[in-house]
Amino acid sequence: MEPITGKALVLAASAIGAGLAMIAGIGPGIGQGYAAGKGAEGVGRQPEAQGDIIRTMLLGAAVAETTGIYGLIIALILLFANPLVKLLG
Amino acid sequence: MDNTNFIMIFLDWLMSFDKIAIILAGSAIGAGLAMIAGIGPGIGQGYAAGKAAEATATNPDSSKQATMVMLLGAGIAETSGILSLVIALILLFGNPLISQPGDGLVIAVSAIGAGLAMIAGIGPGVGQGYAAGKGAEATSINPEGSRGSTLVMLLGSAVAQTSGIFSMVIALILMYANPLVNSHGSTIVVAASTLGAGIAMIAGIGPGIGQGYAAGKGTEAAGKRPKYQSSVIKTMILGQAVAQTTGIYALVISLVLMFANPLLKLL
Numbered sequence: 001m002e003p004i005t006g007k008a009l010v011l012a013a014s015a016i017g018a019g020l021a022m023i024a025g026i027g028p029g030i031g032q033g034y035a036a037g038k039g040a041e042g043v044g045r046q047p048e049a050q051g052d053i054i055r056t057m058l059l060g061a062a063v064a065e066t067t068g069i070y071g072l073i074i075a076l077i078l079l080f081a082n083p084l085v086k087l088l089g
Numbered sequence: 090m091d092n093t094n095f096i097m098i099f100l101d102w103l104m105s106f107d108k109i110a111i112i113l114a115g116s117a118i119g120a121g122l123a124m125i126a127g128i129g130p131g132i133g134q135g136y137a138a139g140k141a142a143e144a145t146a147t148n149p150d151s152s153k154q155a156t157m158v159m160l161l162g163a164g165i166a167e168t169s170g171i172l173s174l175v176i177a178l179i180l181l182f183g184n185p186l187i188s189q190p191g192d193g194l195v196i197a198v199s200a201i202g203a204g205l206a207m208i209a210g211i212g213p214g215v216g217q218g219y220a221a222g223k224g225a226e227a228t229s230i231n232p233e234g235s236r237g238s239t240l241v242m243l244l245g246s247a248v249a250q251t252s253g254i255f256s257m258v259i260a261l262i263l264m265y266a267n268p269l270v271n272s273h274g275s276t277i278v279v280a281a282s283t284l285g286a287g288i289a290m291i292a293g294i295g296p297g298i299g300q301g302y303a304a305g306k307g308t309e310a311a312g313k314r315p316k317y318q319s320s321v322i323k324t325m326i327l328g329q330a331v332a333q334t335t336g337i338y339a340l341v342i343s344l345v346l347m348f349a350n351p352l353l354k355l356l
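Chains as they are written, first to last, in this note's numbering: chain A, 1 to 89; chain B, 90 to 356.
A portion of the hints provided could be inaccurate.
Stated by the list, open to error - Chain B is faced by these chain A residues, among others (derived, beta-carbon under 10 Å): (1) Ala15; (2) Ile16; (3) Gly29; (4) Glu65; (5) Gly68.
Said to hold, decoys possible - Straight line, CA to CA, 20 Å or less: simulated EDC-like cross-link-like pairs of lysine to aspartate or glutamate: (6) B/Lys313 to B/Glu233; (7) B/Lys313 to B/Asp150; (8) B/Lys153 to A/Asp52; (9) A/Lys86 to B/Glu233; (10) B/Lys153 to A/Glu48; (11) B/Lys153 to B/Glu233; (12) A/Lys7 to B/Asp150; (13) A/Lys7 to B/Glu233; (14) B/Lys108 to B/Glu233; (15) B/Lys306 to B/Glu233.
No lab work stands behind these hints: they were computed from the structure. For every residue, glycine included, the Cβ atom is placed at its ideal position computed from N, Cα and C.
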């Protein structure tokens, strides 16, 4: 195995960091699933309001998605536009 | 390397890198760890969305109003996610650790500790989202009492943010003014103390969820019986104060580890 350089260490850690960031996805998954369940329940109870219910559900689910997207952005930055590697000089 | 101790081998290997490489590697891991907080707002806001959908079915006439309350609460529940994002972006783009004098390993661990501390944001996110859902529900059940119930929601959610703020403070201390960086103790003890200071703050998940639950139940009660709003608020705040205790314990331990570490004196 060739010797590991400082750059390789930063890149390896970036890979770990990118993976860790994605753990955030647990939240939106649980939350949006709950929203979907409640939306289905609502449509069952009040079928005429289906359009309104789905709109409200999707609006809220979009808000719940944000932190998942933040995690994704940080992971993508670490992978494709890593500012840390440039700092190595 | 004839030392067979795994930790020693690992540290010898790690210390063979440039100081800056170690710090940057730690920063990358710290940035990723901080983002785990996003679990909280995701769960909480999803719950709020579900409750708002349910509220629309219960009382279609007040759908708009309930949705507004839900969005207001979901906005608050986003706070911890944003705070974590800010810490991660600072570590990536405005890293204050690079130029710090001191032991490279301790500085790198400071970045990881800051990221770990921010995980506490899961708590406020879940709790405030629950309160937001209850706010939407209360509005659909009693649209006239919406002002009162929303007020209780905002008040309770503000309290639920406390542990998130504590974590943010610890993360910022670790990044900008970690007193352990210039400590002269054994490196492994100093580095572990720094890591411990960050890990301790994860306890904030509990108070955040609990206080948010209290906020949600307070909102529900105030919506049903507006007459008793002040007693509801009193009880809610009292209970939330008790729920904060473990978060304060964690803060104290974290501060002791950084500023008055008894372990370093034992060496």
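Hints, one by one, checked against the model:
1. A hinted interface residue such as alanine 15 of chain A counts as satisfied when its beta carbon comes closer than 10 Å to some beta carbon of chain B; here the least separation is about 8 Å, so the hint holds.
2. Look at isoleucine 16 of chain A: its Cβ gets to within about 5 Å of chain B, closer than 10 Å, so that hint holds up.
3. Residue-level restraint check for glycine 29 of chain A holds (minimum Cβ-Cβ distance to chain B is 7 Å; threshold 10 Å).
4. Satisfaction of the interface hint for glutamate 65 of chain A is found here, the shortest Cβ-Cβ separation to chain B being roughly 8 Å, below the 10 Å cut-off.
5. For glycine 68 of chain A, the interface hint holds, since its Cβ comes within 10 Å of a Cβ in chain B; the closest pair sits about 6 Å apart.
6. The suggested pairing of lysine 313 of chain B with glutamate 233 of chain B holds, with an alpha-carbon distance near 10 Å, which does not exceed 20 Å.
7. A hinted pair counts as satisfied when its Cα atoms are at most 20 Å apart, and lysine 313 of chain B with aspartate 150 of chain B qualifies at roughly 18 Å.
8. Distance hint between lysine 153 of chain B and aspartate 52 of chain A is fulfilled; the C-alpha atoms sit about 10 Å from each other, no more than 20 Å.
9. Using a Cα cut-off of 20 Å, the hinted pair lysine 86 of chain A and glutamate 233 of chain B is violated, with the two alpha carbons roughly 58 Å apart.
10. Proposed proximity of lysine 153 of chain B and glutamate 48 of chain A is supported: the alpha carbons are some 16 Å apart, at most 20 Å.
11. The hinted pair formed by lysine 153 of chain B and glutamate 233 of chain B meets the criterion: a straight-line CA distance of about 14 Å does not exceed 20 Å.
12. As the CA atoms of lysine 7 of chain A and aspartate 150 of chain B are separated by approximately 60 Å, the hinted pair breaks the 20 Å bound.
13. Between the alpha carbons of lysine 7 of chain A and glutamate 233 of chain B the distance comes to roughly 62 Å, so the proposed pair goes past 20 Å and is violated.
14. Between the alpha carbons of lysine 108 of chain B and glutamate 233 of chain B the distance comes to roughly 62 Å, so the proposed pair goes past 20 Å and is violated.
15. Simply put, lysine 306 of chain B and glutamate 233 of chain B have alpha-carbon atoms about 18 Å apart, close enough for the 20 Å limit, and the pair holds.
In this structure, the hints that do not hold are numbers 9, 12, 13 and 14, in rising order.
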